[in-house]
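Numbering of the sequence shown is given in full-length UniProt numbering, commencing with residue 1 and proceeding in unit increments.
I should point out that these hints are in silico values taken from the structure, not numbers from a laboratory.
Here are the simulated lysine-lysine pairs, PhoX-like style, with alpha carbons at most 20 Å apart:
id, residue 1, residue 2
1, K308, K357
2, K357, K303
3, K567, K303
4, K408, K615
5, K71, K98
6, K326, K283
7, K629, K408
8, K192, K71
9, K308, K283
10, K491, K481
11, K326, K269
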Amino acid sequence: MSLVQQVSSAFSENGCLVQAMPDFRSRPQQQAMAQAIAEAINSQQQLVAEAGTGTGKTYAYLVPALLSGGKVIISTGTKTLQDQLYQRDLPAVREALKVPVSVAMLKGRANYICHYHLQRASQEGRFQSREDAQYIPILQSFAENSQSGDKAELVEVPEQATVWQQVTSTRDNCVGQDCQFYKQCFVMEARKQALAADVVVVNHHLFFADVMLRDEGVAELLPSANTVVFDEAHQLPEVAGLFFGEDISTSQLMDLARDSQMAYLTLAKDCVALSEAVPPLEKACRDFRLVFQFEGSRMPAQKALALKNFNEAYQRMLETLEVLAKVLETQAGRDPMLEKCWQRGESLLMLLAAWLKGDHANLVRWVEVFSQSVQLHATPLSVADGFGKQLSAQPRAWIFTSATLAVKSDFSHYQGQMGLLAAETRHWQSPFDYGQQALLYVPEGMPEPNSIAYPAAVAAVALPVLQASRGRAFVLCTSLKAMREVHALLKQAFEEQGMDYPLLMQGESNRTELLDRFRTHGNAVLVGSQSFWEGVDVRGEALSCVIIDKLPFAPPDDPVLAARIDKMNAEGKNAFMEYQLPYAVITLKQGAGRLIRDERDSGVLMICDPRLVDKPYGRRIWQSLPPFKRTRKLDEVQAFFQHADESSASL
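Using the sequences and the hints, build the whole thing.
Below is the structure:
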């Protein structure tokens, strides 16, 4: 039986999936997608596949992947999805198919406890807080008893706890085979298992980091893989851009200074020059940060270079880093940690000098300013060439899937970004009945989105909708500034009108905790920005309304976007229609996708932006969304919620 026939049989009404999983329901879209993936695997082709929410794309790629008999790499958009695949979906499908397939999960090294750094942290006792010190015994017990060392398994220590930085390794500070704990290393064990497994689950950041760095194990995995599947593939252009570029941060220099000082105290106390070389580098980094006034700003290199004292502060960083690197070189032979510090110093020196020169024509140089650090970026205008080398390295199947890759079933934007011009493209609509389950509402009388009055107008038109929905809503904003303004306006209005719906905002807590609170309340309103536009799954009545303030066009002052627009326009292309509009459509589809998550969900998607109706390109945008019933009348929204509540009450 061919792979396509095996897949068809597995998804049939009496197939093994139905028999093994009581809740499984075969969907035509899912079966068609699985067969298309099986064909791509058979012919070692590239397939770009968009599957609407509810298609069941995870099973659609897992079944042919597990039945194919070859080595498979599955790359996910987030570590959360990675854990879900490994712990839930893969075991369920493997059991249903009864295939003897070995499975492993590989994460970046920062996800695994490091015996060396844990011992060092406990001996030195230098912690940022009392909580960090209290976590050490828990971490030691975990390191002694855990099979994987994966920090996701240790719920007693919060993911955001600062102690993790001290007890995990980075590529920079790992001492490799010189480590006394090398044979017990969790990272090495995870690599070993991944190399031996038939199916390996990674995430996009790890995949590209390792393709570039040849460091974490994927470099060894990729040559032997017959099939590579990218889930949430819409994230790939941005992630790939991070790794095909060259970045350096003052935080890296400060980390090197800190580790060098620690190496002096523990390994080279007789080398006074080492201790003396550290403070000047730390001061140079702080002085460089002071060149920039505001945190959260992003600017092109030309603007940064023109700032007062930029050149002097930059040269001072170069000089002090060079002094430290030379001292470290004299001590490198004494201990692996000192040697690693020296190698880091040399590498950072090269990156710092290269960024200033800016010799590479395909890289856009820009600066990002944070409260304590400055990040210097050199980002490629296109990742198509870099990624294309991976695609053509040797024959294998490449599968790219997401709910949001196309604009009105046109994949040319995504294909151009990723160098997938030869790929087959397929699109399957969601099985949900959007005409019955949902309503798209665009309010009348809204001002221009760039006007000062716009956030207040958004809050004003959202208020009666939130009353009709009885809370139970996400308010998704396109910027943090807008999020804070809209949240403040809603808070004031809730108090004035006696609306007692819990009002949550992104940043008050981590995303997982906020979502738990949102679900528990059952009538909350959560105001969020980028973090809540995708990868969030709230089923049922707790989320019955999604309000979006603006069409999510990339900010026009983004340095990389500006350079890409200039390049496209210089080539005679229409940058707005070929790049900016598709980007906005794909992002909007992600936000809209939060609303309807299963067959029983219902709700209203409210897009406040008048451009959706007033501009010629607006039609292209809403036609790319699922086939909602559409209205501009508030009373129809109120009637929709009243009908939904009555239907729910009668069940």
